[in-house]
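**Q** Residue strings, one per chain:
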Amino acid sequence: MKYYFLALGTVVVVCVGCAMDGQQLTKKGEYHAPPAAMMQRPGPMVDGPGPGVLPMMAPPPQRPFALTTSQVRFVGPDGMKVGWQVPGGFAESQLIAPARYNFVQAQTYRLKLTSIPGHEGLTIYPTLKVYPGHPNTEAYLSHNSLPVQINVEDLEQVEGNNFVTKVIYLPDARYQELAVANVETLVSTRLDPGVDPIQEADKMGTIMAVLEMGNLDLEMPNPVAPQGTALNADGSEVQQVAYRAAFDGEQGQMMPPMPIGPAGQHVNGIPNAMMMAGMGLPGQPAGPISGVNMPVWGMPTTGTPIGLPGPTHLPYGGPAGLQSHTVRNQTKMDLHAPVKDVLVDVSHEPGLSLPPPVKYIQYKEKHPVYSPGELSYPAWAQPQGGYGADGAYCPPGQQPQ
Amino acid sequence: MSRALQAFVAALLWGGLVCVGNTAAWAQGTISGHGRYVPIDQYVPPGIAGQMALQAGKATPDHFQPVRVKLPTTGTVTFFDGTPQRPVELAAPAQAGLLVGRMYRLRVTDLPEFPGGEFYPSIELVDRLHPPPGQAERFPVEIELFPEEFTGADNGRMVTKVVYLEQPNLVLTQHLHGEKRVTDLAPSQNALAEADFLGRPIAIVRMGGRTPDRNAPDWQFWGPGAPIRITTNVTNPQP
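Chains X and Z are the protein sequences, given in the same order. So for the first sequence, the numbering used here puts the first residue at 1; every next one is plus one. So for the second sequence, the numbering used here puts the first residue at 1; every next one is plus one.
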């Protein structure tokens, strides 16, 4: 009987092909590399200055095509004039759609859209937020432009006193269905009420630009004299004279747009981490201080409500200090006591998984075997030249007879 | 424990031992990426794959690999020798030596299929060829740009190609002659891993619809620049 089971077990294993070896219980046979942004830097205490590496390290190699601008292509409607805010006013008609322009990344711009076909009397002042480049989008932004299309539906929504948000993002690979990668545009008016298009786009990919439109008139003359305005003896307002620059692109007066704020940056008011390094390398500033006269190193993105960067995983020359943050409220109120320790669990899903390091390599070369009297020639040194009648290269043994 | 149960447990143990001995075979057959782990893909920022190739020692930093750019019909291919101020215009098919591991921006113009159109693809060499000594110019890396790729780029789409050298024992015999094999992959597939499975990835070619903006020029568009080596198109000598 036992020989029967022994044979049965062997046959089953051989036939099934060892589909189960026990590893399926814990591993699914797939690996997950860290995100592209994490692949850029090894991590804290490895590439940045720390206690043991305070003298400045050599600067990281410059990444090619790390563009500082994103090219925005105003697809249409054809003939629409695009202006933007400049110091002292608006520059008119800087572009006529279809047209494109390189906007500096991580900035917000105020545009002025006029002469829209079918809506000649309508002037829109949308806000264009050009997000900073990301490792996921660098390849795209360095080779492609961001399409901005204002269609009839958007204009009707704006005229109907609605707020339109268009988010241009690059979908993650798993959300792309076409063989050729392309950007997607998420429009707020096509989503359910209450759904934030920016959050939705952020879930599905990497945001590259956001266009927000409403019907606010930014150049409406002020009919009421503001408080404190000087008045004449008859009570009329004193007409002030001021120089106001006017730029009209149709007359060849071009003016670059003025950023009115940051875009795509996490602003939390936390001071930058300041680390002072030792003697600088030649060509580097003497006494470099991180965040002062050199780029910020290792700035944590997680803040604590006491104004200090945290968590203190980046050493400042000593062990981590902040381990607990407690706020006590003595007011006679029915409030819950503040927690003593704040614990934030973060995790990647799926987790990072890399294959085990190589511990065995088998290297085998196969060489042709020749009989006595035969000699191995390289193809290009064959006696007949190694080329066919048409001059094309012929592998050994295939030369025409 | 009955004898039958003991025999059954022994059979399970025996089966387990056999399975442990075949773990390698299982791993090669089921892990995605054809049993290999490829940490980089076509979505890494431009230049990263080339830098890793140099660090891996696939080529020396000063090795000029001849590259021949072929267009659907005719046209002009412009290489830039270190800086966009030194353009080198060549009629297609255009051949030049490029450094492995560096990024090159090209300009393709005068395409009869796209009158007035300008395209700015980029080439990133991640490996080199090993032709017979002295005949490197006769065996360049051939990068062929197809009409549908220009159409896609003209429509604002992003085209990423991985040019690889086929592994001889993986080439079907009916493909020994004729046109190059082109395989379209889904975006979720790792093109570098597929090319690595079929042979040796040599170059990454990217092309989109972005063009230089003369009103607001961005010099980063041209990349850091790298020297090129211009050679004449070499034809096969007659036997």
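No wet-lab data here; the hints were simulated from the structure. Careful, some of the hints might be misleading.
[Stated by the list, open to error] Computed list of lysine-lysine pairs in BS3-like fashion (alpha-carbon distance at most 30 Å, straight line):
(1) Z/Lys180 / X/Lys366
(2) Z/Lys70 / X/Lys366
(3) X/Lys364 / Z/Lys58
**Q** Determine for every hint whether it applies to the structure shown.
**A** Comparing the hints with the structure gives:
no., hint, in the structure
1, Z/Lys180 / X/Lys366, "holds (28 Å)"
2, Z/Lys70 / X/Lys366, "violated (36 Å)"
3, X/Lys364 / Z/Lys58, "holds (20 Å)"
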